[in-house]
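Number of protein chains: 2
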Amino acid sequence: MQNQSTSMPIIDGATRLFAIVGHPIAQVRSPRVLTEKLRARGLNDIVIPVHALPEKFDEAMRGLMGLGNLDGLIFTVPYKVQAVPYADTLLTTGRQVGAINVLRREDDGTWTGDMFDGRGMTRGLANQGDNVRGLSVLLLGAGGAGSAIACALAEAGAKSVTIYDIDAPKARALAARVNEAFPQCKVETGGPRLAGHDVLINATPIGMKDSDGLPADVGPLDGVKIVGDVIVLAKPTPLLREAQARGCHTMDGIGMHTGQAEEIVDFFRARKG
Amino acid sequence: MQNQSTSMPIIDGATRLFAIVGHPIAQVRSPRVLTEKLRARGLNDIVIPVHALPEKFDEAMRGLMGLGNLDGLIFTVPYKVQAVPYADTLLTTGRQVGAINVLRREDDGTWTGDMFDGRGMTRGLANQGDNVRGLSVLLLGAGGAGSAIACALAEAGAKSVTIYDIDAPKARALAARVNEAFPQCKVETGGPRLAGHDVLINATPIGMKDSDGLPADVGPLDGVKIVGDVIVLAKPTPLLREAQARGCHTMDGIGMHTGQAEEIVDFFRARKG
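Going line by line, the protein sequences match chains A and B.
Okay, so the first sequence: first residue is 0 according to numbering that gives the first Met the number 0, each after it adds one.
Okay, so the second sequence: first residue is 0 according to numbering that gives the first Met the number 0, each after it adds one.
Quick caveat, the hints were computed from the structure, so don't treat them as lab data.
Mixed in with the good hints there might be a few duds.
Claimed, not checked - Below are the DSSO-like pairs computed for lysine-lysine, each with C-alpha atoms no more than 30 Å apart in a straight line: (1) A:Lys234 <-> A:Lys185; (2) A:Lys55 <-> B:Lys169; (3) A:Lys158 <-> A:Lys185; (4) B:Lys234 <-> B:Lys185; (5) A:Lys185 <-> A:Lys224; (6) A:Lys36 <-> B:Lys169.
Unchecked claim - If the Cβ cut is set under 8 Å, some of the chain A residues that face chain B in the computed set are: (7) Ala13; (8) Leu16; (9) Arg31; (10) Thr34; (11) His50; (12) Ala59; (13) Val83; (14) Ala86; (15) Leu90; (16) Asn126; (17) Asp129; (18) Gly156.
Even for Gly, the Cβ is constructed at its ideal location relative to N, Cα and C.
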């Protein structure tokens with residue numbers, strides 16, 4: 000790791016802890032990214048990686064949640080569903096998705112859980128001046144990422160979200176849940192046809208390999224305002240390359256991660272009162 | 000804290016954790032001091048402060064010891080005695096003192112505990128080229144610090160240690176324990192008289208206030224090679240001022256802390272095999 004021995008961590012007895020919990024853990028970027036964002040706000044906070052072994056997850060959680068100087072937890076694979084019962088209060092998106100990736104300790108000592116995987120998309124778009132408010136979205140994929148993004152789009156004021164998944168019952172179940180949680184947004188299922196939509200979001204893994212091509216036969220991208228893709232790659236996916244060629248605004252998986260980190264820091268260190 | 004927002008901690012998913020556990024915890028210096036020493040060896044390690052509440056100490060210990068990326072624990076007030084039962088293997092000094100301040104995870108997953116409070120004195124002396132090997136020591140104070148220092152002196156090869164404490168039975172009990180553990184060193188109790196000794200160590204709290212004067216009426220310091228004082232103060236205690244005036248080599252509480260940090264880092268990251 001660059002500069003490891005020259006740039007010293009500033010950590011002391013008063014440092015407040017956040018922990019990202021996963022199995023494995025060595026691959027996560029959150030400790031550095033989130034710590035930098037917390038420090039940039041002048042806070043003596045640090046995000047530490049925590050490798051919780053599956054057979055010791057509950058023991059790890061009870062130990063961590065009991066510490067007097069730990070203010071929040073982040074969850075990555077495979078613990079996003081297992082973490083749900085540790086929340087005293089489960090916010091809307093976490094409840095709809097059935098999984099959380101963040102737990103925050105409140106002033107009264109209770110823990111509030113929510114799922115931020117989808118808010119990275121809307122925050123990432125907002126960071127570049129794009130807003131889904133009032134727009135019609137075609138969302139490809141009703142899995143974990145798709146579920147979280149569907150909630151985030153509805154929460155951000157999208158007029159409608161059409162969900163397509165090759166597993167049609169899965170898409171219908173998600174549409175029903177999001178409709179119930181966010182009645183002001185019209186959520187339905189449909190074919191992967193872009194016509195009539197302003198925004199296209201890919202929440203499937205298709206596009207990780209260059210040979211994958213487009214995630215579905217969505218028709219021409221002309222006239223589409225925004226195209227987002229959850230895939231995290233250094234170079235644009237085939238979908239995003241096509242979108243850029245057509246003049247659409249785009250958001251990739253890296254921009255989503257940045258947006259999500261900002262949302263999580265806001266959640267952890269919300270101005271109180 | 001200086002540079003808090005400009006000097007970024009380098010921490011990522013692969014960072015290995017050590018934790019210093021105490022109640023309270025905000026005052027400890029170890030996270031910064033030990034992290035700097037570990038980083039200086041090119042290791043991606045960090046020492047985090049952990050505030051374990053007394054009613055949740057066991058829960059905290061079980062959670063921390065179960066983590067896959069935590070390699071060691073350090074204990075401060077009030078947990079040095081409570082930590083003993085968590086050691087699968089208790090090394091000599093920890094056993095004699097009846098308290099530990101370090102637990103290290105071994106390659107086989109077991110935990111080895113030991114007490115380093117006294118080794119800071121001998122390591123601090125070694126750092127400045129002083130060695131107690133073959134010397135006769137007068138040790139004032141048979142409490143926690145005195146117990147750990149008596150073991151460290153014997154371990155470092157002192158010829159003899161004479162222990163003085165106003166609580167004579169306490170001094171006798173300590174002398175017996177250290178004699179048993181380190182039979183090559185002659186440990187006995189005696190009055191606080193320097194005559195015939197090469198080294199004087201104060202392990203009592205006397206000297207924290209300038210008005211305290213000397214910790215005991217030890218007689219003239221002339222001819223004494225080394226005078227050590229456990230008291231941590233920015234300026235020399237009355238004892239150390241007197242010793243410096245007489246040309247003795249001296250070691251203060253700050254130098255002991257530095258020495259102890261080096262000993263602990265050596266213990267945590269001993270070259271294996």
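For each hint, the structure was consulted:
1. A:Lys234 <-> A:Lys185: violated, 33 Å
2. A:Lys55 <-> B:Lys169: With Cα atoms ~43 Å apart, lysine 55 (chain A) and lysine 169 (chain B) exceed 30 Å; violated.
3. A:Lys158 <-> A:Lys185: holds, 6 Å
4. B:Lys234 <-> B:Lys185: Violated - the C-alpha atoms of lysine 185 (chain B) and lysine 234 (chain B) are around 33 Å apart, more than 30 Å.
5. A:Lys185 <-> A:Lys224: holds, 19 Å
6. A:Lys36 <-> B:Lys169: violated, 53 Å
7. Ala13: The hint holds - alanine 13 (chain A) has a Cβ within 8 Å of chain B, the shortest such distance being about 4 Å.
8. Leu16: Interface hint status for leucine 16 (chain A): holds (6 Å vs cutoff 8 Å).
9. Arg31: At about 5 Å, which falls below the 8 Å cut-off, the nearest Cβ of chain B leaves the hint on arginine 31 (chain A) intact, so it holds.
10. Thr34: Holds, because the Cβ-Cβ distance from threonine 34 (chain A) to chain B comes to roughly 6 Å (cut-off 8 Å).
11. His50: holds, 3 Å
12. Ala59: Hint holds; alanine 59 (chain A) Cβ to chain B Cβ min 5 Å, cut 8 Å.
13. Val83: violated, 19 Å
14. Ala86: Violated - the Cβ of alanine 86 (chain A) stays beyond 8 Å from chain B, reaching only about 18 Å at its closest.
15. Leu90: This hint is violated: leucine 90 (chain A) lies away from chain B, its Cβ roughly 25 Å from the closest one there, beyond 8 Å.
16. Asn126: violated, 21 Å
17. Asp129: Since the shortest Cβ distance to chain B is 29 Å, the answer is violated.
18. Gly156: violated, 34 Å
Hints 1, 2, 4, 6, 13, 14, 15, 16, 17 and 18 from the list above are not met by this structure, while the remaining hints are.
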